[in-house]
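**Q** So the chains spell out like this:
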Amino acid sequence: MKKILLLMVLGILLFSGVLLAASGDVQVKEDYDEETYGPKDPIVWVKPVKSVVFDHKIHTMDAGLDCDSCHDELFQMEAGVAAENEDFTMATLYEGGYCGACHDGSTAFASNTRCTSCHIGVLGNARLLGDGGAAKKEH
Amino acid sequence: MKIDDLEQMESEDLSTLPSAERRRFLKFGLAVTGMYLGGSVLSLASVQEVHAAGVVPEVGKYPYTPHYSMVLREKLCIDCERCKEACVKTNHVPSYGFRTTILEKRRSLGGEKFETTFMPVLCNHCNRPPCVRVCPTTATWKDEKTGIVVMNPSRCIGCKTCMTACPYNARYFKEETRAVDKCDFCLESRLSKGETTPACVEACPADVRVFGDLADPKSRVFQLVHSPETMVWVLRPETGAVPNVFYINS
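Residue numbers (the numbering used here), protein chains in the order written: chain A, 1 to 139; chain B, 1 to 250.
So that you can see chain A by itself, here it is in the shape it has in the complex (with noise of 0.2 Å):
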């Protein structure tokens, strides 16, 4: 009687754990489609300040928004074109350029608004690359 105990328990524990593992393998595993959704990895911006980030997973696969609603209007496919132009600076922004098409306080928050959200800085980007060592002091 003793021994079956024994193995029901030791059985619940190894279901259990089976699950628990299979569960996290799904929420790991998450279907990101670079195809559908655009690049995986952020952009990063360091000009005209550094560092502002873009993630295209916020606003593709998270918010809903297509390729066609920035590219190639707003922004150029091609990586690091935006920053080259000389408007390239909140003050466009407020105009309704480049990110402000839409961050413009009702579509999504105001682009004058909420700085930090999209300028992690030279801190940030340090630790977006995972480089801890740059963003700590030398001892």
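The list that follows gives simulated cross-link-like pairs (lysine-lysine, DSS-like), each with its CA atoms no further than 27 Å apart:
hint : chain 1 : residue 1 : chain 2 : residue 2
1    : B       : LYS174    : B       : LYS160
2    : A       : LYS47     : B       : LYS105
3    : B       : LYS113    : A       : LYS47
4    : B       : LYS113    : A       : LYS40
5    : B       : LYS105    : A       : LYS57
6    : A       : LYS47     : B       : LYS75
7    : B       : LYS113    : A       : LYS57
8    : B       : LYS89     : A       : LYS47
Pair ranges (Cβ atoms, derived):
hint : chain 1 : residue 1 : chain 2 : residue 2 : range
9    : A       : ASP66     : B       : SER108    : 30 to 40 Å
10   : A       : LYS40     : B       : THR230    : 35 to 45 Å
11   : A       : GLY105    : B       : THR196    : 27 to 37 Å
12   : A       : ARG114    : B       : GLU238    : 24 to 34 Å
Hint data in this document are derived by calculation from the structure and do not stem from the laboratory.
Here a beta-carbon is modelled for each residue, glycine too, at the ideal position from N, C-alpha and C.
Given chain A, work out where chain B should sit, using these hints.
**A** Chain B in isolation, oriented as in the chain A frame:
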């Protein structure tokens, strides 16, 4: 002396100490504590009336003219570090030290979301600077006219006591000059040459750093720290250093 002789001698431990002697020692200790700390740490007298004091001095109570100070509009800082770059260039700051830097605060918004706030820090040019008080060679002092905490590198012996005393970690030891170096609001590199702002203020693209004469009611710093419905704070007010770098959230 032999060990047998030693055992014969009268003990000098506390058991033979008369209580009058103990009492005298305790009284002396309490007197010293009370006298030097004004009873702020341990006192048998009642504490002064408690009141919520602000960090902004009353109008007209600025000891210097011009009374230079800086207001940091914290939430606008984006850590682009142009201020740091400008400071390094202007004041020849080596890579291992800083006169000003940016700190990062991350506040959890629940889940995996964070709100980041960048906090520029520099010398607070305190009205009661602990660094000046501890310097054994008077290599650092409050400039009599402007209140800026300045350094004379040739008088510095590199004991680094000021670095320990500073509540803001605003000093570093500069190998090149064999002396401690710190922010002087660009007094030497710019203000004394006719410029009106430090290099970091000039370089900031987000108008985070506002510099000016706090004693002048028409100055922007005065208006920012004295405007209604504004949250104004200083770093580590409990040290009693009375800093002149203010932080606001609007």
